[in-house]
Amino acid sequence: MAKEQWGSRIGVILAVAGSAVGLGNFLRFPGQAAANGGGAFMIPYFVCLLLVGIPICWAEWTMGRQGGRYGVNSCPAVLGALGGSRAWSYFGVLGLLIPVGIYAYYNVIEAWCLGYAWKYLTGEIVVSANLNSSIGDQTSKMFATFTGQDENGSLFGGQSSLVLFWVVVFSLNFVLAFRGLSKGIEWFCVRAMPIMTICAIVVLIRVLTLGPQEVDGQTYSVQDGLGYLWNPGGAAAEGEAWYAAILRPQAWLAAAGQIFFSLSVGFGVIINYASYLKRKDDVVLSGLTATSTNEFFEVCLGGLITVPAAFLFLGAAGATKGTFGMGFESLPAVFLHMGPAGRWIGATWFFMLFLAAITSSLSMLQPAIAFLEESLGIGRRASVTLLGGIAGIGSLIVLYFSENMAALDTIDYWAGTFAIVILATVQVVLFGWVIGVEKGFKMAHEGAEMRIPSIFKFIIKYVSPLFLVVILTSAVLTDILGIDLSKIHPNLPPAPAQSRIQQLVTSPVAQISIGFVLTLIVMFTVLVTLGNQRLRKLGLGQRLLDEGSEA
Amino acid sequence: MMIASTAAGTGLTTAGWTFMLCSIAAVLSLACFCYARVLFFDPKAANHMHAPLEIDTRDKGT
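Residue numbers (our numbering), protein chains in the order written: chain A, 314 to 864; chain B, 15 to 76.
Hints should not be assumed to be uniformly reliable.
What the hints assert, rightly or not - Facing chain A, a subset of chain B residues (Cβ under 7 angstroms, in silico): (1) Leu26; (2) Thr27; (3) Thr28; (4) Cys48; (5) Ala50; (6) Arg51; (7) Val52.
Bear in mind the hints are in silico, worked out from the structure with no lab data behind them. Just so it is clear, CB atoms sit at the ideal spot from N, CA and C, and this is done for glycine as well.
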C-alpha cells in the first residue's frame with residue numbers, strides 16, 4: 314500500500330498545532346484562569362506545561378515517528394509495535410475511540426460557529442432593544458433555540474438552520490480528509506492557521522481599543538476587564554491572599570487539565586500524524602513549535618480577548634459563564650453592544666472559531682482512516698465512506714438528543730475527557746518504563762534540531778505519570794463516583810451535583826450516548842484483532858523496515 | 015485606547031501587569047525561538063522531508 318506523507322515540515326507543525334488550537338484556547342482557558350487565581354493561575358499553568366504537556370507531547374511525537382518505521386500508522390499498531398506485544402495494541406483502541414467520539418460532537422459545535430458567522434455576516438443576528446428582556450437573556454435564548462437545547466428532536470423540526478450548517482461542515486471535513494494528508498489536511502491547515510491568526514488579532518485590537526462602558530450603573534474600562542482576569546487572586550474570597558487560590562489542589566488540577574486538553578495530547582492524533590515522518594525528521598523542535606503555537610493562541614490571544622470583552626460590557630456575570638456560555642451567549646451580547654461594527658467583529662470572531670474547530674476536527678478523522686486502511690486493507694475511498702457512516706451516526710445522536718446538550722456532554726466526558734487521561738497515562742508509561750527513557754530519548758534525538766534537557770528524563774518517567782494518576786484518581790472519585798472529597802479536606806474538590814454513574818442510571822439519553830461509545834469500543838477491538846492478523850501476514854509492525862538505512 | 019481605571023473597577027494592578035506581560039513575553043519568546051529555528055536556521059529543513067521524491071500517496075488531485 315502506498316504510504317501517505319507530509320509535504321513539508323511547516324505543514325506537519327501547523328497541522329499538529331491546528332489539531333491543538335480549538336475553542337478551548339479562546340473560551341475555556343480564560344474562564345479557568347479567572348476562576349482559579351487569576352494571574353496567579355499562570356504559575357501552576359506553566360509548571361504543568363513543563364511537567365505534563367511538553368514531555369507527553371515529545372513522547373507522542375517520538376513514538377509516532379518510531380511506529381512509522383515499523384510500517385504502521387494507526388495508534389493500535391504503533392503501540393503494539395513499540396510495546397513488543399499485541400496486548401499493547403488493545404490500549405490503542407482508545408486512540409480510535411477518542412478522535413471518533415470527539416468528532417461526533419465537535420463537528421456539531423463547528424456547525425454552531427459557522428452558523429453564527431453566517432448570521433453575523435448576513436446581518437441575521439438581530440436583537441431587539443425594545444423587548445423587555447436584557448440583551449444577555451436574548452442571546453442566551455438565541456443560542457438555546459439555534460442549538461436545540463429546549464427539546465430533543467427540535468433541530469429537525471425546522472426551527473433552526475443548524476442541521477443545514479452541520480451538513481456543510483460534515484461534508485467539508487470529509488472532502489478534505491478524502492484528499493489525503495498532504496493535499497487535504499496539510500493544504501488546509503497551512504492556509505487556515507495564518508487566517509485564524511489574522512482574525513484573532515483583528516478582534517484583539519478592536520477589544521483593546523474599546524472605550525469605557527456602563528454596566529448596571531458602573532463604568533468599566535478595558536483595564537478593568539484585563540484586571541479581572543490577570544490580577545492575581547481572581548475569584549478569591551474577600552480577605553484571602555493573592556496566592557490562596559493556587560495553594561488549593563483544585564487550581565493545579567484545573568491547570569493540568571487545561572494544559573492537557575489544550576495541547577491535544579493523549580488523543581491518538583499526534584501519534585498518527587508523527588507516524589508519517591521519516592527517521593531523520595526532527596520531532597523535538599517540531600513538537601515544541603506546535604506546542605508554542607498553541608500557547609500563543611491561548612495565552613496571547615485567548616487571554617486578552619474573551620474575558621476582558623465580556624467583563625467590559627456585561628460585568629462579572631458575563632465573564633464567569635462556562636465555555637459555551639462565554640462563546641455563544643456573552644460574546645454575542647458584547648458584539649451587539651459594539652454598534653454597527655459589532656456585526657463584522659462578530660463575523661470575524663465566529664469565523665475564526667470555525668477555523669479553529671475545523672482544523673481540530675480534521676485531525677480527528679485521519680487516525681481512524683489510517684486504522685481502517687491498515688486493519689481491513691481497504692483504500693482511502695472505502696475507509697472514508699465507512700468512517701463517515703460511523704461518525705454520522707454519532708453526530709445524528711448529538712443533534713437529535715440536543716436537549717440541554719445531554720448527548721454531547723456524555724460523549725464529551727467519556728470519550729473526550731476520561732479516555733484521554735487513560736490513553737495519555739498508557740503512552741507515558743510505555744515511553745518512560747517499557748521503552749525506557751534512555752532508549753526513548755535516543756529515539757527522540759535522531760534527526761533532532763535541539764536536545765531535550767536531561768531533567769526531562771526524570772520528569773517523563775516519574776512526574777508526568779504521577780500528575781496523570783492524580784488527575785485520573787480525582788476524576789474517578791469525584792466525577793464518576795460522586796464522592797465529596799471536600800469533606801475530607803476543604804481544599805479538595807467537592808462532588809458534582811450528579812455523578813456520571815447517576816447520570817447513566819437515570820438518563821435515557823446518557824444511556825444511548827454511552828451505548829454509542831461502547832459500540833465503538835467493541836467494534837474497534839474486533840477490528841484491532843483482525844488488523845493484527847493482517848499486519849502479521851504482511852510483516853508489518855514487527856520490525857523496523859529501515860534498519861541500517863540512513864533515510 | 016486603555017484608560018486609567020475608574021472607581022468602579024480595580025483596573026490592572028502592578029501584579030496583574032507583571033503576570034500578564036511575563037506570561038505573554040514567555041510564550042512569544044518561545045514561539046519566536048521555535049519558528050526562527052524551523053524557518054531560518056536551516057531553511058532547507060523547513061521544507062524538506064527525508065522521503066523519496068516520487069511516491070504515490072493516492073491523495074486526491076485538485
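Worksheet item: Checking against the hints above, which ones are violated?
Response: 3 and 5
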